[in-house]
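Chemist: So the chains spell out like this:
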Amino acid sequence: MLPDWVVDPVSPRPASGRLPSRFLARTLRESSQLVQDSVFAERAARQPGFLQRLDARVKLLSVLGLLVAASFLHHLPSLWLLAAFVGLVATFSRVGGRVLFNRVWWFLPATFVIVVLPAALSIFTPGEALATIYRTPGPIAFGPIRLPEELTVTRQGAAAAALVITRLFVGVLLAVTLTLTTRWQELLRAAHTEATAPFVLILAIMYRYLFVLLRITDNMHIAKLARTISPAPRAEERRWVGSRVAVLFARSRRLSEQVYAAMLARSYRGDPKAHVMARFGVGEGAWVALCAAVGLSMLFLDRVVLGALLW
Amino acid sequence: MVTPVFEADRLTYRYPDGRIGLREVSLSIAQGESVVILGANASGKSTLMHLLAGLAFPHERPLRAFGTELTESTLERGPFAQSFRQRVGLLFQDTEAMLFNANVWDEVAFGPLQLDLPREEVERRVQEILDLLGLMPIAQQPPHALSGGERKKVALGAMLAVSPDVLLLDEPTGGLDPRFQRWFVEFAVELREAGKTLVTTTHDLHVVDEIGDRVIVLGEDRRVAAEGRPHALLTDLHLLLSVNLVHEHSHIHDGEFHIHPHLHRHDHDH
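From first to last, the protein sequence lines stand for chains A and B. Take 465 as the starting number for the first sequence in the working numbering and just add one per residue. Take 631 as the starting number for the second sequence in the working numbering and just add one per residue.
One or more hints might be untrue.
[Claimed, not checked] Here are the simulated EDC-like cross-link-like pairs (lysine to aspartate or glutamate), alpha carbons at most 20 Å apart as the crow flies:
| # | chain 1 | residue 1 | chain 2 | residue 2 |
| --- | --- | --- | --- | --- |
| 1 | B | 826 | B | 816 |
| 2 | B | 826 | B | 637 |
| 3 | A | 737 | A | 614 |
| 4 | A | 737 | B | 746 |
| 5 | A | 737 | B | 750 |
| 6 | A | 737 | B | 840 |
| 7 | B | 826 | B | 663 |
| 8 | B | 826 | B | 750 |
| 9 | B | 826 | B | 840 |
| 10 | A | 737 | B | 834 |
| 11 | A | 688 | A | 700 |
| 12 | B | 826 | B | 839 |
| 13 | A | 737 | B | 839 |
| 14 | A | 737 | A | 748 |
| 15 | A | 688 | A | 494 |
No lab work stands behind these hints, which were simulated from the structure alone.
Okay, chain B solo, but in the shape it has when bound:
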């Protein structure tokens, strides 16, 4: 049996102030799978991503990655810590925090440099990532001079430069224009076809079907509300209404996104 990339059985996480971040969450993510974590605001999506990235740790019941329990001590030092950081990359929701270097070139080079790769290899990787994402013209720009879409691309490039097997993408299309959203979907599909494991959080229902093999829905009570194939979940109106992913006036209908006028007839058949 192949060891899952991530495995959790009823894990619970509390924030430092005692509030519940996640409640009895169980999941299993296999190598090469593309999983979408769906949930409304404050349903614990980003918290779950931080747990999967080994930046926070559950308080009850363990979370395992590649068969090893993720704890502060296993990720502090040693061969597992280094291989885990290399194999798992996280795209932060807030790129302001992720882009801490002086310019785009340094940002992309940061990860490979921490891996002690030879100088030529670092330069080659940065060059190829900048070419791939079309960032070469802004290679010397500081982060504060970039647009939202450019920042997201730089953050994605910075993560890819370490060549992780598992990509954790926290709200990658949040607040960005349709052109970037389309670009991202196509890029995510390419990564999935290349065999990468993708875990993407979003509350944008438009992109789920295209990038996800499987969907995990988090409810507002911070528990897993449902899990299954994208089409089955996206057409379950009661589920989507109960987890605050659609409103009665706008929802997916017959596979299409459907918006009712605000004052609509109540005899409409859903």
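One chain only, chain A, in its complex shape:
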């Protein structure tokens, strides 16, 4: 027999007038964004572009080679030329300039504050002053910390900072181009060696279950929304998120035990093995030759031509 209040028609309660928590909505939107980004990257990696056709291991090694070449370049023009080459290859691989820029730009502000700004200052790189930040008639001390009487941005410091950030930019550009043109599982497989096998396996499992946990998070949020008549106070929402984090932690722990059991049941004995299918055809050969030619040309330009011109 159903209770009367279940049978009786619903009489809607007046709205509380409270606004829904933006904190919760933002957190969940960002988790969904992560899934979307990953799906987008997967789609980009399936495009019939130039780099997408090449073997992942060859791509990984060639990108590592170009990264090493970039670390030996000491002049900005040669680094810019290398960046232009990567941009051109990305274009032929159907990776749009905007996508590339969106993926690369995020590191610039943090790098600027943490690396570039201090490196340009006279306290870290002494030299010819370009701009003065402050000058005092006598030394300033805050307890045991003594500040210099003059703080300037030096020419040498600014040049070193520009070099660091450009090199970093080229590095990130190479890494993003590689990840946008190579499917994650192929990349993992390409990184598999006897020494890296445990790390690669852990990464693969992490990536796989990240999606499972995100889906559970989404489902929990949808279930809550479906039963939310008026928004709860913000403190209550935060408490709910905290308790869901604990639930997810418990679920992920249980899942990890089940995964380990599934691995044991399939003859896993603590020593992961993977099958690496590498191919080296004409395309791969041409790409390696092109990368070697570009890397060596940049080194020649940087060390011989620009070295002589700017000496």
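Fit chain B to the known structure of chain A by using the hints.
Modeler: Frame of chain A, contents of chain B only:
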């Protein structure tokens, strides 16, 4: 006398929190037999499968596989551990836990690779399993992009790739559509005819008669409630009612699944 594949005499299992998982369960499963473990939810079917697969161990009285007691030490290392894992495969109820690789190809290749098989043999096995189960078009798909039926097939393929003699199938048709259920029944019959030993848990009475030579029924008290031929047990309405496998309004009747209207006449003769 041929050594049974599995043999237990009144084994008891407790979960880490002290709850009883299985109570005084006795069983003997012979090579080439197809046994169905029937039971309602929370009757200990999956727990029993984990014990048979050597992923958990009884607390009272041993469980023997191929004549050797299954303990943490016998399954930790040594020739028995390796041969046991190769000879016994488990299809997990929750395929989410079983499919931990980046794509279908890697998933099927995982087991053969752990056996140190030559590269060509691994490739051949994966190719043949993918062809057999019709998974070739999705070989490069990640697990989260697969449907429920596809996941189950991939998990089955991953288990078969190790070529086990004994297949432990935990709720293989649970929550899947009738087309997959039919496919599974036909596949299970083919495996049985090929001489594989099958142990299948289910609470789906439709498939029992077709895939099982023998049925072990677990009760809600987590004990063995009955054991026997499928037809004899499936027509024992009192037994099925007592272990919560049928309701008074829906049950197997004269060999046919039979559903009464909710408000039915009580003078109906069972």
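Chemist: Evaluate each hint against the coordinates.
Modeler: Now the hints, each set against the structure:
1. Simply put, residue 826(B) and residue 816(B) have alpha-carbon atoms about 14 Å apart, close enough for the 20 Å limit, and the pair holds.
2. For the proposed pair residue 826(B) and residue 637(B), the alpha carbon gap of about 17 Å is at most 20 Å, so the pair holds.
3. Of the supplied pair hints, the one linking residue 737(A) and residue 614(A) is violated, its CA atoms being roughly 60 Å apart against a limit of 20 Å.
4. For the given pair, residue 737(A) sits about 8 Å from residue 746(B) by alpha-carbon distance, which is consistent with the 20 Å threshold.
5. Restraint check: the Cα-Cα separation between residue 737(A) and residue 750(B) comes to about 15 Å, which is no more than 20 Å; the hinted pair holds.
6. For a cut-off of 20 Å, the pair hint linking residue 737(A) to residue 840(B) is broken: about 38 Å separates their Cα positions.
7. For a cut-off of 20 Å, the pair hint linking residue 826(B) to residue 663(B) stands: about 8 Å separates their Cα positions.
8. Proximity of residue 826(B) to residue 750(B) is assessed by CA-CA distance (about 25 Å); at most 20 Å being required, the pair is judged violated.
9. For the given pair, residue 826(B) sits about 15 Å from residue 840(B) by alpha-carbon distance, which is consistent with the 20 Å threshold.
10. The hinted pair formed by residue 737(A) and residue 834(B) fails the criterion: a straight-line CA distance of about 38 Å is larger than 20 Å.
11. Distance check on the hinted pair: residue 688(A) and residue 700(A) sit about 13 Å apart at the alpha-carbon level, within 20 Å; holds.
12. The suggested pairing of residue 826(B) with residue 839(B) holds, with an alpha-carbon distance near 17 Å, which does not exceed 20 Å.
13. Of the supplied pair hints, the one linking residue 737(A) and residue 839(B) is violated, its CA atoms being roughly 41 Å apart against a limit of 20 Å.
14. For the hint linking residue 737(A) to residue 748(A), the alpha-carbon distance of about 26 Å lies beyond 20 Å, and the restraint is violated.
15. Under the criterion of a C-alpha separation no larger than 20 Å, the hint pairing residue 688(A) with residue 494(A) is consistent with the structure, at around 18 Å.
When held up to the earlier numbered hints, the structure conflicts with 3, 6, 8, 10, 13, 14 and fits the remainder.
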